[in-house]
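Undergrad: Here is how the chains run, residue by residue.
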Amino acid sequence: MIFNELILPVLLVTVVLVVGAYLVAVIDEVIAGALGRPSGAGAWMAPLAQGAWLLNQQANATEAPDWRAWRLAPALYLALAAIGLAVVPFSPTLIATDLVTSVVLWGSVEALATVVIFLHGWSANTLLALIGAYRYVALGLSYILISMFVLIGVALPAESLQFSQVVASQEELWNVIRQPLGLPLFLIVGLGMTFWGPLNLADSRDLAGGTASAVSGPPRLVWNLARAAMLVAFSGAAASAFLGGWLGPWLPGPVWMLLKMLAVLAVLLLIGRLMPRVQPERCVTLMWVVFLPLSFVDLIWAGVEALW
Amino acid sequence: MELLTLFFIVLIAAGLGLLIQWLPMRHQPMPTYPQRAPFLGGGLPETHAWNRYHTRYYPMTILLIAFEMEMMFMYPWAVVFVEQGMKAVMEMGMFLAILSVGIVYGWREGVFKWQ
Amino acid sequence: MAVSWLQRLAARASVPVFPVRGMHGEEVLYRLALTPGVELVDSPRHASILLVAGGVPPDQYGALRRVHDQLPAPFATLWYRSQPLDELASATRIDDPDVLSGALKAMHHELMCGKRGSSPRLLPDEPPNPWEGLGDDGHGGEGMMGGVPYGRPMAMNMHDDIRDGLTLDSLTVTLGPFLPMLPPGLSVEVTLQGDLIQTWTTRDPPYPIALESVFFQALQGPVPIAELERAMARYHLKHLYFALRLAGLEALALTALRLAFESHSNPKRVATLRRRLVRSGFFGLTTTGQGRLDEETARRVGGVAARAAGLEEDWRSEDEGYRQLGFRPLTQRQGDTGARWRQTLAEVEQSLQLAAQAEQDATHTRHSDGVETPRGTWHRQWPEDQSTLLDDLLPGLEWDEALSTLASLDLVPLSPWSLEEASGAPVAQAIAEERRA
Chain H
1 MIFNELILPV LLVTVVLVVG AYLVAVIDEV IAGALGRPSG AGAWMAPLAQ GAWLLNQQAN
61 ATEAPDWRAW RLAPALYLAL AAIGLAVVPF SPTLIATDLV TSVVLWGSVE ALATVVIFLH
121 GWSANTLLAL IGAYRYVALG LSYILISMFV LIGVALPAES LQFSQVVASQ EELWNVIRQP
181 LGLPLFLIVG LGMTFWGPLN LADSRDLAGG TASAVSGPPR LVWNLARAAM LVAFSGAAAS
241 AFLGGWLGPW LPGPVWMLLK MLAVLAVLLL IGRLMPRVQP ERCVTLMWVV FLPLSFVDLI
301 WAGVEALW
Chain B
1 MELLTLFFIV LIAAGLGLLI QWLPMRHQPM PTYPQRAPFL GGGLPETHAW NRYHTRYYPM
61 TILLIAFEME MMFMYPWAVV FVEQGMKAVM EMGMFLAILS VGIVYGWREG VFKWQ
Chain X
1 MAVSWLQRLA ARASVPVFPV RGMHGEEVLY RLALTPGVEL VDSPRHASIL LVAGGVPPDQ
61 YGALRRVHDQ LPAPFATLWY RSQPLDELAS ATRIDDPDVL SGALKAMHHE LMCGKRGSSP
121 RLLPDEPPNP WEGLGDDGHG GEGMMGGVPY GRPMAMNMHD DIRDGLTLDS LTVTLGPFLP
181 MLPPGLSVEV TLQGDLIQTW TTRDPPYPIA LESVFFQALQ GPVPIAELER AMARYHLKHL
241 YFALRLAGLE ALALTALRLA FESHSNPKRV ATLRRRLVRS GFFGLTTTGQ GRLDEETARR
301 VGGVAARAAG LEEDWRSEDE GYRQLGFRPL TQRQGDTGAR WRQTLAEVEQ SLQLAAQAEQ
361 DATHTRHSDG VETPRGTWHR QWPEDQSTLL DDLLPGLEWD EALSTLASLD LVPLSPWSLE
421 EASGAPVAQA IAEERRA
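The listed protein sequences correspond, in order, to chains H, B and X.
Sequential numbering from 1 applies to the first sequence in the numbering used here.
Sequential numbering from 1 applies to the second sequence in the numbering used here.
Sequential numbering from 1 applies to the third sequence in the numbering used here.
Just so you know, the hints here were simulated from the structure itself, not pulled from any lab data.
Quantities reported herein were computed from a predicted structural model and do not represent experimental measurements.
Hints may be right or wrong, so weigh each one.
Claimed, not checked - Derived lysine to any residue pairs resembling SDA-like cross-links, with alpha carbons at most 25 Å apart: (1) X/Lys115 x X/Ile94; (2) X/Lys105 x X/Glu126; (3) B/Lys113 x H/Val115; (4) B/Lys113 x X/Arg163; (5) B/Lys87 x B/Glu70; (6) X/Lys115 x H/Glu281; (7) B/Lys113 x H/Leu55; (8) B/Lys113 x X/Gly281; (9) X/Lys115 x H/Val115.
What the hints assert, rightly or not - Heads up, incomplete: computed chain X residues facing chain B, CB under 10 Å, no partners named: (10) Val20; (11) Arg45; (12) Gln83; (13) Leu85; (14) Met154; (15) Thr174; (16) Pro180; (17) Val278; (18) Leu285.
C-beta: ideal position from N, C-alpha, C; glycine also.
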């Protein structure tokens, strides 16, 4: 009883998050190498070595940070990633927490992520981090609606706000085909939630690392870990909402799920390396004027399709 | 029970995040003041960075509130959608159409620009 | 203490290096960017080695000390063709670019394994302003106003905003001379309201940049056009590398840099690079028509910036040798950031084509009273520092816009030394003396 309800879910989430975050770093390293970055220690070793270096490095401080918020922000971001992953179903029975409102909960994770990322930049009390924080809020407030509409779109045919029901509703046809606009739009949300690649408005190079520009050592390690973990959690949500989650022939459900998550991660990391950072103003305009109307179209498409 | 499990997951993840920070940092001395100064490539600020910040996308944030209110209705609507059939499509279609006009109007007024 | 497995693991990490870009230190950083196992980072907080590449004028030692002290322990310093600060007399100095990356790796390894102590702090451990123990938080004033809470005053509003006229707080900071997003040596005082630049005052101009010696020889007598054009292409590709890296396109930035280091790159590969840039969205997503130069300013800047604004200013059209090759200057019309990059790419392609042509016929330049350098025409007087025009150009731009505009503009003065003979120190001294005068 205790094992099934408590220990198993906690173990599942922790292991997938940590191993997943490590794999994110490895895949990213491999992609960077394939695209021409000179690679040093080897992709499997590099993330571990960098993590060890960060554990050995002194944690930096700023003159007058908001200490509690500054140290809490990376931990809370990690916790949000854990919540996100907790509602992702790996099989009809293997779900950390099978809430009936898990889609709504996922939405709240996205909203809170904006708060936590802002807090990380703001609490350092330095110029470059502060600009990164406020810039991220512009992005966070823009992608959240797209995500909501797209996720409601997958809830329509399932007649439920539960991820496991959403997966079950894709028995005949995966949502990625049924609602062709959904997954591309949702991938944009994923890049936004983790400020990855083209949507890296928070920790960008023009801000010398933005919200992370003043952190070093262990807090930076947790921040990087949380960011990669959030990408893993997102890939879980994307795989269950659009790629049919555990559904698939021959292999057992959880294996299918993990394969699909890896596929989503690979696509996201590839986009991250191939596109330039979008200018903040252009980003907000694109989100509201192009992608949000597209998500309306996606929702109406999903609705009409569900009634067919 | 589900919520209790979720609570434990949050607790453990956040605890892990804090522990990874706290364990190596226990014995580290406080950095010196010059180290703590904001990095500006050798330059210095005159003041603290916290200020009444000019968030230049403020009209967009107000537009967002209109949409966020709508989301409250959309969640229950999504569950009963198939039951209600075409009626639900029409209702939401109208709702979205009105909001779309709002976006177009806002765009024309430049609310997505940095003020 | 025995070396723990964690430290041994950390020693195997790729070496995070924060480069302080001194005078004529750029070249070695390009080489490091292509070296496996070395990572050039943007913030000293993310580095374990401070690499001072090239000479630093003595009047900027203060800024150098501040950056030095901002690296978290354990860290070390390495001085490449640069005189270590007096306090760090025992620090390692290296003048040979070939052994630099090995030295960096060895240094990181020693640091991690505890064989080398961390570099000492240079500045006294004092808050920027003395603590004033008044008020709830010891800030010495009433409420949140006045005094110096935690060592600095709070931001106070000075001006109405230049875009929408709202009266919110402004921040005034000095940036540089070692900010990695600015040209090396450029130091400015900036006032920001939100992320919008209100005022931009250039304090110290960027360091002069060294050209390859062929440009100097062109002023003495005829030189092979092929050599001149390849040098031109190399210069522009290195400039492009910096901007692409800033825009978050690391892979394409490295492609540009590799092209720069090839002795005989094919113009077709530049065309491929341009296509990949267009496809990645570089022109569509990172430029928004900002940074437009008017005709007079464009003429003053010269070179690519002038031609991107539609001015057919090119010394090469005066030269018989170039005319033989059918050279005609390319131009763009808009004169903004995007146009400058389109112009740069077009010119690199043109240069490589000219070089290939000139090699077949062994064409030489004819006139030697002037030469077209990558920075503009060198005729009677050489291109000078133009960084003060930023003071008028950048206010009103958002931070990202301002920095991408800055990256697209080449405003640096030319060094009296060529790339082959520049060793840093004498120029650094000369600059410092010139400033004092």
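Undergrad: Is the straight-line distance between the alpha-carbon of X/Lys105 and that of X/Glu126 25 Å or less?
TA: Given pair X/Lys105, X/Glu126 is violated - Cα atoms ~33 Å apart, limit 25 Å.
Undergrad: With a cut-off of 10 Å, does the beta carbon of X/Leu285 approach a beta carbon of chain B closely enough for the hint to hold?
TA: violated (15 Å)
Undergrad: Is the interface hint for X/Val20 satisfied, with its Cβ closer than 10 Å to some Cβ of chain B?
TA: holds (8 Å)
Undergrad: Given X/Pro180 was flagged as interface, is its beta-carbon under 10 Å from a beta-carbon of chain B?
TA: holds (7 Å)
Undergrad: Can the restraint linking X/Lys115 and H/Val115 be considered satisfied, given a maximum Cα separation of 25 Å?
TA: violated (43 Å)
Undergrad: Double-check X/Gln83 for me: the hint is only fine if its C-beta lies closer than 10 Å to a C-beta in chain B.
TA: Hint on X/Gln83: violated, closest Cβ of chain B at ~17 Å, above 10 Å.
Undergrad: Between the alpha carbons of B/Lys87 and B/Glu70, is the straight-line distance 25 Å or under?
TA: Holds - the C-alpha atoms of B/Glu70 and B/Lys87 are around 18 Å apart, at most 25 Å.
Undergrad: Holds or violated: is there a CB of chain B closer than 10 Å to the CB of X/Met154?
TA: Check passed: Cβ of X/Met154 comes within 6 Å of chain B, closer than 10 Å.
Undergrad: Would you mind confirming whether the straight-line C-alpha gap from B/Lys113 to X/Arg163 stays at or under 25 Å?
TA: holds (11 Å)
Undergrad: Does the structure keep B/Lys113 and H/Val115 at a Cα separation of 25 Å or less?
TA: Measuring from Cα to Cα gives roughly 22 Å; hence the hint holds.
Undergrad: Would the stated hint for X/Thr174 survive a check requiring a Cβ distance to chain B of less than 10 Å?
TA: holds (3 Å)
Undergrad: Please work out if X/Lys115 and H/Glu281 have their alpha carbons no farther apart than 25 Å.
TA: violated (49 Å)
Figure legend: structure checked against the earlier numbered hints; hints not met, in rising order: 2, 6, 7, 9, 12, 13, 17 and 18.
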